[in-house]
Every structure is written in structure tokens, then in C-alpha cells.
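S.K.: Using the sequences and the accompanying hints, generate a full structural model.
Protein chains: 2
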Amino acid sequence: MSKHRVVIIGGGFGGLNAAKSLKGADVDVTLIDRRNFHLFQPLLYQVATGALSPAEIAFPLRVIFRRQKNTTVLLGEVTDLDVNARNLILNNGEAVPYDTLIVAAGATDNYFNRPDWLPFAPGLKSIENATEIRRRILLAFETAERELDPVKRKAWMTFVIIGGGATGVEMSGAISEIANDTLHRDFRRIHTKDSEVLLIEGGARLLATYPEDLSASAEEQLKKLKVHTKPHSMVTAIDADGVEIKVGESVERIHSKIVIWAAGVKASPLGKLIAERTGAETDKMGRVVVEPDCTVKGHPEILVIGDLANFSHDGGKPLPGVAQTGIQMGKYAARLIKHRLQNQPYKPFHYWDKGNMATIGRAAAVAEVGKLHVSGLLAWAMWLTIHLMYLVGFQNRIVVLLQWFYSYATFNRGARLITGNKDQLTPVD
Amino acid sequence: MSKHRVVIIGGGFGGLNAAKSLKGADVDVTLIDRRNFHLFQPLLYQVATGALSPAEIAFPLRVIFRRQKNTTVLLGEVTDLDVNARNLILNNGEAVPYDTLIVAAGATDNYFNRPDWLPFAPGLKSIENATEIRRRILLAFETAERELDPVKRKAWMTFVIIGGGATGVEMSGAISEIANDTLHRDFRRIHTKDSEVLLIEGGARLLATYPEDLSASAEEQLKKLKVHTKPHSMVTAIDADGVEIKVGESVERIHSKIVIWAAGVKASPLGKLIAERTGAETDKMGRVVVEPDCTVKGHPEILVIGDLANFSHDGGKPLPGVAQTGIQMGKYAARLIKHRLQNQPYKPFHYWDKGNMATIGRAAAVAEVGKLHVSGLLAWAMWLTIHLMYLVGFQNRIVVLLQWFYSYATFNRGARLITGNKDQLTPVD
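Protein sequences appear in the order of chains Z and P.
Quick note: the first sequence uses numbering that gives the first Met the number 0, first residue 0, plus one each step.
Quick note: the second sequence uses numbering that gives the first Met the number 0, first residue 0, plus one each step.
These are computed hints drawn from the structure, not numbers from a lab.
Heads up, some of the hints might be wrong.
Which copy is meant is left open, so a pair is good if it fits within one copy or across any two.
Calculated pairs, SDA-like style, for lysine to any residue (alpha carbon to alpha carbon, straight line, at most 25 Å) [unchecked claim]:
| hint | residue 1 | residue 2 |
| --- | --- | --- |
| 1 | Lys-316 | Ala-203 |
| 2 | Lys-296 | Glu-219 |
| 3 | Lys-151 | Phe-393 |
| 4 | Lys-22 | Glu-141 |
| 5 | Lys-337 | His-190 |
| 6 | Lys-316 | Tyr-345 |
| 7 | Lys-222 | Val-373 |
| 8 | Lys-153 | Gly-75 |
M.R.: Now the structure itself:
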């Protein structure tokens, strides 16, 4: 009799941890991803701001599973799902049969039905986007240096970040440090310290999911970095020359050549496919509503985990879209499968909230661990330690540590390259 | 009275060394490049083969000249030259006046009037091309893993490198090591060791500019790496399915999905512009024929150096297109300018041949230093040392050393990423 076949879609935090936790289990695992690497998304903003190189936060899936004999990695894209025959269909027409399917396809940027804004305001969801954002930021200063018209020059030195969540806070802090610390002696005609960094937030405060005191602390720390925070600001238009925002009843136009989108995410389009094929419900972000054991209603053989899942059995509101959710659900999925193989029941999934942290800049961060709220240097040290710990690959850890040490000592950034020739950004999803 | 204005086109080995050697001189230096970094081209093949990240072999020009007060860096592209008004025209219409002009715009791939071959056989002249080649090599193995038709699978595992110079030798050795040492335990369906690496050379031997015994040694060392060398082979066609070569009177078709061009270079298009504006002669590779002091005939205020120059006053044949030519000419150009400012005559340029070296693989290389011919481990150790020495940036040296050490110890490669979505390669020149 052939072994129980577990097929996992996605090599992010959820899929990776599910596959790793099935090491040694009496199953055949197939991990399918469109990319050949696991990407450590929490540090992607450091690629976008020239602090790290792409390869330093990415690790080949095949290397991770080289010695895990029961696991096969396939580079491929899922185009359909046959729930009756229990087959996944890939873009080359190949059918991949499964006994248990784990869908961990993650999330993508949400432009809230304004896909036309994408070329003017790229988000931070892929390596390609990160190097494109890096290109735009660095090219902006270069163009300003050559621009003689002061109005146009100002637009090249005005950076707008849309969305005051963790990504927006991290990006705006980092861009301000580039302007004030990294580049300030490198130009002859412009003063990079004259740059303006604006962080646009629709709600009343930054980091809305954090406690209020940490939101206030983040705003204070950003202010020290000269980031201008604009709360209660709804974006009403984005084009090649800037952003239009509505604050209360007044409409304001910001002239800017560099706009970055960090306003929210939605589920991968695979969520819709799963829902169509299984009759599962999706929420307004396109996430699949799952049962207490992360399975799809009526399909115990299909699990949806991580950012793609709406899991609301732990306190009523969906779990946050953070790495920990994916990691814990991935490990849970593996344990559930192992119990089933032994015909043993298994307890429902329970999320253990280990806390939240966002970095703002040099020695600046906020962290919430249980009832403990930490700001500044200590939070930053915690952030550095935890991110190094979770980064996959011993070599990556050493190199990233070295790059951070170097950046800290010199204010420089190791990957200040303008590469690529793209004029238009195309969606990666 | 305003200072003597030196304008330098190109931040490669020639332009960089000219500008650096003018440090402290009583001149205003403007260094113009299309890119914001100096690229260490000799290690570009290591980016193309996943051993290094782009940022590790590139260094921002602005950082290099941060403390050199007499030097301004401009990101820009030269579109015209007004020799009477002594103005360079940039792509934004800006005119940059000069008293002395140093043109160090380098070389690009030469497809010998077959630009239609470019999309099927990218060359190794830019970071974009290198990451595209990396993408094609890694994607080939991934596609082979999913391909069931044995004939098609074989084409995905057949790598053709055209041109048996240093770049071709380095690329073919590195690709063979990827197949045999790096990936051989990573796939489940294919045996990456079954890959075929073919090095196509039009002439009788590899490394034609090296002594015959070193050519023979290189061929021997490549053979140990299972690279199949095909001398006397003229390429007659390249398309999406492979290469057609003519060996003597017989025509052979090689089915291959990955073809890399290393068959030769030609001068940057700026050579033609210089010739048209000054009446200078160019050779058949588009290089500007220069006087014994690297100036253009009739225009002592214009110097052409590095790969863009045909300098034939040192033994009759043009100097080789290697880093040393650019470095030495750059330093010479600076000294010539300093002498002129003192109204002192200066001796003609003389090339000091420090030797040649090409690496083949792990502990495999050839080197010619004066009358000394070295092969194998010793040549490889020399190659490593010299390349680390010449790499710009302390941090880059440390990181590259670390990556090499890691690769040597583990056979792995730190930058095994498939990135980019390009289906077509566009020329960078």
C-alpha cells in the first residue's frame, strides 16, 4: 500500500513548518511553491531600503529539505483543484494527487479595488517589489541631484508611505534614516536631510493592533527620525505625480515621486479557488473561514493555514497575519496528520500569542510581550535577536549579523544598488 | 579663475582609477556613469552562478568619493559631445562643460551582427544579465525535474557556453560544479550529475591569449569537471531550442535550453560618437585608436582609456581588454593631467603586464605571471587573493571571503534565487 500523501501549497512560514514537522513521519510530502526559496518576509523592508541583499533573507527550499527523505519540492503554480478526485492541477497540466492537502498560499497586497494604483505605489510582498522600491528610492535622490527646478526637486525628495501598520512604520523610519544618516554627505547639490517622509494612516493612530501607549511611543520615535505622521487621512487618488488625501472634509494634494503601499493585504487568489471547489466561506479579505482544527468545512482532508485562513475560534476575531500564526498552524497541521494516521483524536488549534514587535530605526522599536510593553533600545535589541533567531540558514544569520553590525557602526547600507530597467510594476499575483 | 574641469565618463576600472588618482589635485572632477555603482566585473560570473549576491561585487560610487571634495558623481547617460564648445550632452539635455575629457565607457557583448541571438544567449556584462543567467540555470533544473519527456528533459539539462576565453572557461566550470556538487542531492526525479556542459570555441584552443601549456592545462582541468570542450566549432544559429555549430564541413545541432554568450566584446557605442565628433579612427571592434599618451589624435584634451581604447604603441597589437589595462590607463590619465597643469611634459603610457589568470573551479585555475606558468591549486589561491585585494569596499571583502569559505566547506552557493519575470532579455546598451 502506498503511503499517505500530504501535499502542501506554499513555502512560507505555514507551509515550511508543516513540511518540516512531518520529518520522519510515515507519509509522502510534496511541497509546491512558485518560487525556489523560503522568503523571510519580516526583513523584506531591509532589502527595499538597501540594508540587506535578497539572498540574505531567502533560503532555497531544496536545501532545507535535502536530507528530509519523505519530502519532494516542486517549483510550480497551482491552477486548479479537483476535490472529488483529490488532485491538484499545476500550470503545466500535471495532476498532483493528495490524501491530505495543506493550503498555505499566503497573502498579497490589497489595493481595495484600485489596481490602477499599483504601478505608482508598489507594495512590499516579493523580492522583485523590494528591489524595485529600492531602485525608486535611490533613483529619486539621483534625479533630485540633477533637477534644477526646485518644485520638481522637492517632489523627488518627498516620500509617501501609505498605511501605518508595522510595514509602514518600518519603511518610513528606514527611508528617513537613509536621507538623514546614510546619504547626507554623498551629494553635492542637494541636502538629503531636506527630504520629507510622510506616513499616511487612515485611522486615528499608528500600529492599530498594538496597545495605545505603544502606538504613541512609535509616533514619538518616528517624530525623532523626522517622519511626519498624518492620521485620519484617506487616500483618494494616486498618480505619477503624487497622492491626494482627504482629511476630514478637506482634500490635500502631496507632490511626490515615490509612493509606497503598505495599506493592507488580502488573501492569495487560491482562497477563492478553494472556496469555489469546496463550498467554503471566505471573508471580505478573501480568506477561507476554517474549522477549529484548521480544516475546511465538509472537507477534513483539506487544511488552510497562515495568512490564507480566517481562524476565529480563539476569542472571536480572526488571528493576525503575522509569522507566528503561520508557524504555529503549520506545526499544528503536521501534528493533526500524525494523530489521524494513528486514528487518534487531536485537540483544536490554539494560538499562543507570543507578542508583537515593530522596528522603527536605529535603537528604536516597540514590543508587546504579554502585559509587558517595551520601547526604544530594549525593544530594538529584542527585535534584532528574535529576527536573527528565526532567519533560516546559518550562513544567512552570520552575514545578516555582519551587515547589521556594519550598518550600525558606519550608518552605511551594504546594498545600495539601482538595478532593473522596469518602468512599470506588474503585479506578482 | 575657475578650476580646470575634468569630466570622466564611466565608473569602471579606468574611470574609477582616473578619478581616485585626481584626489587632492587642483581640478574639479565630474564622474558620470549610467549606474550608481562600480561593478567588479571579474566576479560577475559568480553572481550568474549563485555564489555571490550583486551587492557583494558592486560598490556605490558616491561612497567611494564621499570624502574626495573635488569630485562630483552624476548618474546620467551621455548622448552627445560638442568638441568645439567642449560640452558633454546628457540624456536630460544638460550640458556638462569640460577642459579635459576622459572617456572610459568600456565594452559590451559582441554578437557579430547577430543581435537576434541575444534573447537566446545572454552575455555577462551587467548585473541584470547575471541574475537573468542565474535564473535560467536554476530554472532549467527545476523544469527538468517536472519534465517527463526524456528528450525535452535532456535539453533542459544541456548547458552551452559559447566562447572559450576566460569568461567561457569560468562559466562552464562553475555550471558543471553546480550540477555535480551543489545540486546533486536536491532533486528527487532527475540526477543533476547527468547534465552536460558544452564549451564551444571557434579556434583551436581555449584561452587563446594564454601560453599553449596553460590552454592545455585549462582543458585538462575542465575535463576533470566533466565539461565537454568543442574546439574548431563555429556557431551558425541560435534559437529557443539550441545551437547549430559547424565543425569543419559537418553541421551539428545541439538541443539546449540554456545558452550563454561569452564569444567576445565590442566597444561601447560611445566609441562611434567620439570618432564622429573628433575624426578619430576606430578599429573593427569599435574601439578608438589613441595616441601614445591615450589622447585622441588632434584632440589632446580628450583621452580614451580602458576597453574603449585601441592602444597599439606597446608591441604593435592592441592592449588586452582586462582590468589592469583600465586601472593603469586611469592612473596614467590622472598623472598626465597633473603634469599638464604644471606645464610639464609627461612620458607616453606604458602597459605593465602583471600577468593573466582565469579560474576554472574549486582549486582549479591557470595563471601566467611573467615567465611563470601556474596551474591548479596554487593558481587558484593566487586568483582568490588577487580578486579579494582588488575588490572595492572592506565590507565586501569580508562578506565575499565568508561566502567563499562557506561555499568551499559545504559545496553550497549562497545566492541560489530564481528572481525576475522576464521572458525576453533586452540589451543593456
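S.K.: First find the shortest C-alpha distance between Lys-222 and Val-373 inside one copy, then the shortest across copies, and answer within, between, both or neither for a cut-off of 25 Å.
M.R.: within (18 Å within a copy, 61 Å between copies)
S.K.: Is it within a copy, between copies, both, or neither that the alpha carbon of Lys-316 lies no farther than 25 Å from that of Tyr-345?
M.R.: within (23 Å within a copy, 80 Å between copies)
S.K.: Within a copy, between copies, both or neither: where do Lys-151 and Phe-393 come within 25 Å Cα-Cα?
M.R.: neither (46 Å within a copy, 37 Å between copies)
S.K.: Within, between, both or neither: how does the pair Lys-296, Glu-219 come out at a Cα-Cα threshold of 25 Å?
M.R.: Neither. Shortest intra-copy (45 Å) and inter-copy (64 Å) distances fail the 25 Å Cα cut-off.
S.K.: Is it within, between, both or neither when you check Lys-316 against Ala-203 at 25 Å Cα-Cα?
M.R.: Within. Shortest intra-copy distance 20 Å satisfies the 25 Å Cα cut-off; inter-copy 73 Å does not.
S.K.: Have a look at Lys-22 and Glu-141 and pick one of within, between, both or neither, based on CA distance no larger than 25 Å.
M.R.: between (50 Å within a copy, 23 Å between copies)
S.K.: For the identical chains here, do Lys-337 and His-190 meet the 25 Å Cα criterion within one copy, between copies, both, or neither?
M.R.: For Lys-337 and His-190, the Cα distance exceeds 25 Å both inside one copy (61 Å) and across copies (31 Å).
S.K.: Using 25 Å as the alpha-carbon threshold, which applies to Lys-153 and Gly-75: within, between, both, or neither?
M.R.: between (44 Å within a copy, 20 Å between copies)
In this structure, the hints that do not hold are numbers 2, 3, 5, in rising order.
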